[in-house]
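Novice: Listed below, chain by chain, are the residues.
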Amino acid sequence: MKEFRFRLILIIAFIALSVYMLFPTYTDYQNTKNISETINKEKTEIKVSEPNITIDELNTRLKLIEDSIKVADPSIEEAKQKRVKLGLDLQGGMRVVLEVNTGKLLEKLAKDPDQVFKDILNDAQQEASLSDESVVDIVARKFQEKGVRLSRYFGSVRDDDDDITSELKSDAEDAVTRAMEIIRNRVDQYGVAEPSIQRQGGRRIVVELPGVAHEEEAKQLLQGTALLEFRLVKEPEFTISVMQKVDEVLAGKVIDDTTKTDSSLASTNADTTVVDTTQKELSEEEFRQEHPFFATAMINPQGNNADAYVKEDERAKLLSMLNRPEVQNVMPNNVEFVFSAKPVTVQDGKEIYQLYLVNRKPELTGGVITDANANIDPNTSAPIVSMTMNSEGATEWARITGANVNKRIAIILDGVVFSAPNVNQKIVGGRSQIEGMENMEEAKLLEIVLKAGALPAPVDIIEERAVGPSLGEDSINKGVLSGVAGFFITVLFLIAYYQRSGSVASFALFFTILFTLGVMASFNATLTLPGIAGIILTITMSIDSNVLIYERIREELAVGKTVKASIDSGFSRALTAIIDSNVTTFFTGIILYQFGTGPIQGFALTLMIGIVASMFSALVITRIVLDYMVYKGAKITVG
Amino acid sequence: MRIFQNLNVDFLGKRKLFYAISGALLLFGIINVIFRGLEFGVDFKGGSEIVLQFQKQVDISEIRNNVQNIGLADAEVKTFGGETGVLIRTELQEIPREIYPVIIDKIEKTINDNFPGFEKSVIDSSSSSVTYQFSNPDTTKKLLNILNNEGFDAVGASVEPDNREIIVSVGIADWIEENLREKMADNPFEILKEDKVGPKVGSELKEDAVIAIFLSLVVILLYLAFRFKFIFALGAVVSLFHNVLITLGLFSILYNVIPGLNLEIDLTIVAAFLTLIGYSINDTVVIFDRIRENLKIHKTVPLFDIINKSVSQTMSRTVLTGGTTLLTLLVLTIFGGEVLRAFAFTLFFGIIIGTYSSIFVAGALVYEYANRSQKKIQF
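As they're listed, the protein sequences go chains C and L. Numbering-wise (this note's numbering), the first sequence opens with residue 1 and increments by one. Numbering-wise (this note's numbering), the second sequence opens with residue 1 and increments by one.
Watch out, some of these pointers could steer you wrong.
Result set (DSS-like, lysine-lysine): computed pairs, CA atoms no more than 30 Å apart in a straight line [what the hints assert, rightly or not]: (1) C:K169 - L:K206; (2) L:K142 - C:K47; (3) C:K63 - L:K142; (4) C:K317 - L:K142; (5) C:K43 - L:K120; (6) C:K169 - C:K104; (7) L:K141 - C:K317; (8) C:K118 - C:K108; (9) C:K564 - L:K296; (10) C:K108 - L:K120; (11) L:K142 - C:K43; (12) L:K141 - C:K43; (13) C:K108 - L:K200; (14) L:K309 - C:K564; (15) L:K206 - C:K85; (16) C:K169 - L:K296; (17) C:K104 - L:K120; (18) L:K120 - L:K109; (19) L:K109 - C:K63; (20) C:K41 - L:K16; (21) L:K141 - C:K361; (22) C:K361 - L:K206; (23) C:K47 - L:K56; (24) L:K200 - C:K104; (25) C:K104 - C:K142; (26) C:K146 - L:K200; (27) L:K14 - C:K47; (28) L:K299 - C:K561; (29) C:K142 - L:K200; (30) L:K309 - C:K561; (31) C:K142 - C:K82; (32) C:K82 - C:K33; (33) L:K299 - C:K104; (34) C:K118 - L:K109; (35) L:K120 - C:K361; (36) C:K561 - L:K296; (37) L:K56 - C:K33; (38) L:K206 - C:K104; (39) C:K564 - L:K142.
The hints are simulated quantities; they were obtained by calculation from the structure and are not laboratory data.
Generate the whole structure from the sequences, applying the supplied hints.
Specialist: Laid out in structure tokens, this is it:
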């Protein structure tokens, strides 16, 4: 028995691990089913009670219900995170490849572009669409051919062409980074689950948006110009009073929906900060009841500002609270709450976002910025970002900063706050310096954001693929059906042909599939439709190892060896063929993975994992079962 | 149960016959590729492809007429899946110049019909969308609903409540969808799939595909040369190449012949070809492994007999594995759904050819070389 122990432990460990890894997938499947049942029930109910409801409104209502179910039970989200991911072709969604339009960018960068410039640019763009040479190089060459110096349009007069060319190239690179950051920012806010935004080569961006089937929504996320605003952050006293009002309304204490003025707000004593309420020895549950707002948006009582902190998983909840009509009624209509773009800290494994109360009306928009640069302050060696504005912006900026010394101005890109620096003094001349970034990355990000408002990064969609959710569902069903059919055909064949050892192989085959899926779950790999085909193929290809072994065992038995000896030499003699043939197939899998995108990579991945899993099943699981049968003296038939 | 027990066939003796068969298949395939050509999908050609699922059965020629009537004469229209699915494909990247004003007129007419005299201005227009600005946010919101109900793809420029801008898409797919919605009002549809590939991307993908196939052949050549002898590697790779070419020829022959089977070459088909390479090499390697083993054991037996013996010995395994794989692929071809059908079909035929070449061609090529060069192959 001892000789089996190690292998047995190994096998059991693998099985346990696979089951453990696949469990969230099962849970998520159940959850999704339950949620969609609930939603459908609600849908019919709402349709009956309010027949005139518009589709948009209905969807918003259903979305709220769905969100509340999810918020109520965090394990739903957890299972979703850990499950085997489905590719865009199975769950529906979009894949878009964007390319920064260098031509448009050059036109924007050029100082007074004239007809000569435009002609050359057009020419260059035509050529670029057919060649791999960079647009900047082509433009530079064309200028040279025409005998025009680049410095006529770019840089300063003394710069030579090479300097300008390399400068322009780095500008083009920057544009890609900027476009990525803008897109990431919007996609994050839009709430796409598990988006993927990747850079491909020099000037391409690949964006994958699972679950977004409506092309227009996606295009808006990807192509619209970015809006950069400077908005005043409200003073702490005012913010606290607004928050308290909201809190009271949410707790159901205030029912007067007529007062929309500041008078009622002013009456609430600003001194009664949240600290008092928390100290009343309320249990957490009671506190949630009494102060729904402050339970979600927490305030640092010691802080010198009134920014609230919200956990990532409670953002949706807070937003839906703020969107309620009764809350909207008590909110002064010239202000709004906005989130920070990035989490400010992490607590208990959850990212915490900052919530600001800012003016609705921007003081200034990003168009006035001419340049921004992240640097290290030589005196303090802390990262800083310097920002330059044009003369028009500088005048305004001087007025704004002058009037708001010691207040904060939020830098908002597409609706979220990237930084909210304090105004230390009146800034004249249009050159400002922003301090307080924790590290250089943060400073770099701010530089990108500031530039995004000034210099758009024009992108073109060069490839776009969208799969509707129903096709994906249909594909899954058909894929699974074929898989099950393939499995049974194979099993029937194995048992009919190899009899008892055939059942052993079938048993091992089952684990091949389990392991393949388990490994996919633990690698966080994505299952695509060709991936399902890959698993189906694995089923048949994996019996190849078993066939090789059994055919060998038969040959050995035929020359008169004992069962035990036949099994031993059958396995060892089949080994080289199994390894050589699987290694070559594995190689094509690697190449396929390199070559392909999305769905095909999914196929390559399942193929490769399947190969390894099937070798393990055939060489270890089948072996141990057969050995054990020999050990127990059971009759082994190889057909 | 046993098949091919104690099989002993003189495969090599009949190799001239198999050369002739292979030669004929190759020639027939190549002639077809040259004269009928290969049909490339939107992945490689560039263009737009949309797949629509109607609620009721549709008449494909009616849709074809509709699509042609809106100025897209060279669009391809065919069924997809059952009788309610339609695939429309065009190589055009954007709306043809002459149709553009027609679309704009249509949008503006809708606006004017609903809100006569409503002030509007075009603030941006590109080959794929037009952006309008209006004078007040409320009407903008109402108009947005109306435009969407009329079948236009319209969105507000921002989600702010005071938004006064609407972006209306005029891409080629939108144009087709918008028109079909109107003309086939009694039979609504949903969009199953939509692909748009730029021309440059298409040609790059084509290049990548060719590189991937050649690269995999080279990698296999190197690995087998390392594990066996160079001549074995060469024999295997030549027969793989032969499999790929014959299957490619089949694509050309069967294109548009079998209804419901779209045999265009796209990314998935390339994946099928690579899988085919991976699978057929499996077969060949198993036979070569046996030859290698037999050469080690029977040092005095001539290569001719060794190869015959090895192919015979592995015959049952070759047929069994091939047979089950073919069965599964058949299931996948029939039940796997439209998206996987061509993929499974390619593999199905490819594997038949692959199994054939492993048995009859690969070993023969090795023998041919050894015979001509009078070299003795030893491991």
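Novice: Does each hint hold? Answer for all of them.
Specialist: Quick rundown of the hints versus the structure:
1. Annotation: proposed proximity of C:K169 to L:K206 holds, straight-line Cα distance about 28 Å (limit 30 Å).
2. Distance restraint check for L:K142 and C:K47: the Cα-Cα separation of roughly 22 Å lies within the 30 Å cut-off, and the hinted pair is therefore satisfied.
3. Taken as a hint, the C:K63 and L:K142 pair is honoured in the structure, with Cα atoms around 22 Å apart against an allowance of 30 Å.
4. For the proposed pair C:K317 and L:K142, the alpha carbon gap of about 28 Å is at most 30 Å, so the pair holds.
5. Between C:K43 and L:K120 the alpha-carbon distance is near 37 Å, which puts this suggested pair outside the 30 Å criterion.
6. As the CA atoms of C:K169 and C:K104 are separated by approximately 14 Å, the hinted pair is consistent with the 30 Å bound.
7. Taking the CA atoms of L:K141 and C:K317, the gap is about 26 Å. The hint holds against a cut of 30 Å.
8. In summary, the hint linking C:K118 to C:K108 is supported, as the alpha carbons are separated by about 11 Å, within the 30 Å threshold.
9. At roughly 25 Å between alpha-carbon atoms, C:K564 and L:K296 fall within 30 Å of each other, so this suggested pair holds.
10. The straight-line distance between the Cα atoms of C:K108 and L:K120 is roughly 27 Å, inside the 30 Å bound, and the hint therefore holds.
11. The suggested pairing of L:K142 with C:K43 holds, with an alpha-carbon distance near 24 Å, which does not exceed 30 Å.
12. Between L:K141 and C:K43 the alpha-carbon distance is near 24 Å, which keeps this suggested pair within the 30 Å criterion.
13. Proposed proximity of C:K108 and L:K200 is supported: the alpha carbons are some 24 Å apart, at most 30 Å.
14. Distance hint between L:K309 and C:K564 is fulfilled; the C-alpha atoms sit about 26 Å from each other, no more than 30 Å.
15. At most 30 Å may separate the alpha-carbon atoms for a hinted pair to count; L:K206 and C:K85 meet this at roughly 28 Å.
16. At most 30 Å may separate the alpha-carbon atoms for a hinted pair to count; C:K169 and L:K296 exceed this at roughly 62 Å.
17. With a C-alpha separation of about 27 Å, the suggested pairing of C:K104 with L:K120 holds against the 30 Å cut-off.
18. Note on L:K120 and L:K109: the hinted pairing holds, with a Cα-Cα distance of about 12 Å set against a maximum of 30 Å.
19. This hinted pair does not check out: L:K109 and C:K63 have alpha carbons roughly 35 Å apart, beyond 30 Å.
20. Our distance criterion of 30 Å between C-alpha atoms is broken by C:K41 and L:K16, whose separation comes to about 71 Å.
21. At most 30 Å may separate the alpha-carbon atoms for a hinted pair to count; L:K141 and C:K361 meet this at roughly 21 Å.
22. Distance check on the hinted pair: C:K361 and L:K206 sit about 51 Å apart at the alpha-carbon level, beyond 30 Å; violated.
23. Between C:K47 and L:K56 the alpha-carbon distance is near 25 Å, which keeps this suggested pair within the 30 Å criterion.
24. A C-alpha spacing of about 18 Å is found between L:K200 and C:K104, which places the hinted pair at or below 30 Å, so the restraint holds.
25. Distance restraint check for C:K104 and C:K142: the Cα-Cα separation of roughly 17 Å lies within the 30 Å cut-off, and the hinted pair is therefore satisfied.
26. Between the alpha carbons of C:K146 and L:K200 the distance comes to roughly 28 Å, so the proposed pair stays at or under 30 Å and holds.
27. Taken as a hint, the L:K14 and C:K47 pair is broken in the structure, with Cα atoms around 75 Å apart against an allowance of 30 Å.
28. For the hint pairing L:K299 with C:K561, the CA-to-CA distance comes to about 24 Å; that is within 30 Å, so the pair holds.
29. In summary, the hint linking C:K142 to L:K200 is supported, as the alpha carbons are separated by about 22 Å, within the 30 Å threshold.
30. This hinted pair checks out: L:K309 and C:K561 have alpha carbons roughly 21 Å apart, not beyond 30 Å.
31. A distance of roughly 54 Å separates the Cα atoms of C:K142 and C:K82; the hinted pair therefore is violated under the 30 Å criterion.
32. For the hint linking C:K82 to C:K33, the alpha-carbon distance of about 17 Å falls within 30 Å, and the restraint holds.
33. With a C-alpha separation of about 73 Å, the suggested pairing of L:K299 with C:K104 is violated against the 30 Å cut-off.
34. At most 30 Å may separate the alpha-carbon atoms for a hinted pair to count; C:K118 and L:K109 exceed this at roughly 35 Å.
35. Note on L:K120 and C:K361: the hinted pairing holds, with a Cα-Cα distance of about 24 Å set against a maximum of 30 Å.
36. Of the pairs offered as hints, the one joining C:K561 and L:K296 holds, with about 21 Å between alpha carbons and a cut-off of 30 Å not exceeded.
37. Only pairs whose Cα atoms come within 30 Å are accepted, and L:K56 paired with C:K33 is accepted, the gap being roughly 28 Å.
38. For a cut-off of 30 Å, the pair hint linking L:K206 to C:K104 stands: about 28 Å separates their Cα positions.
39. Taken as a hint, the C:K564 and L:K142 pair is broken in the structure, with Cα atoms around 82 Å apart against an allowance of 30 Å.
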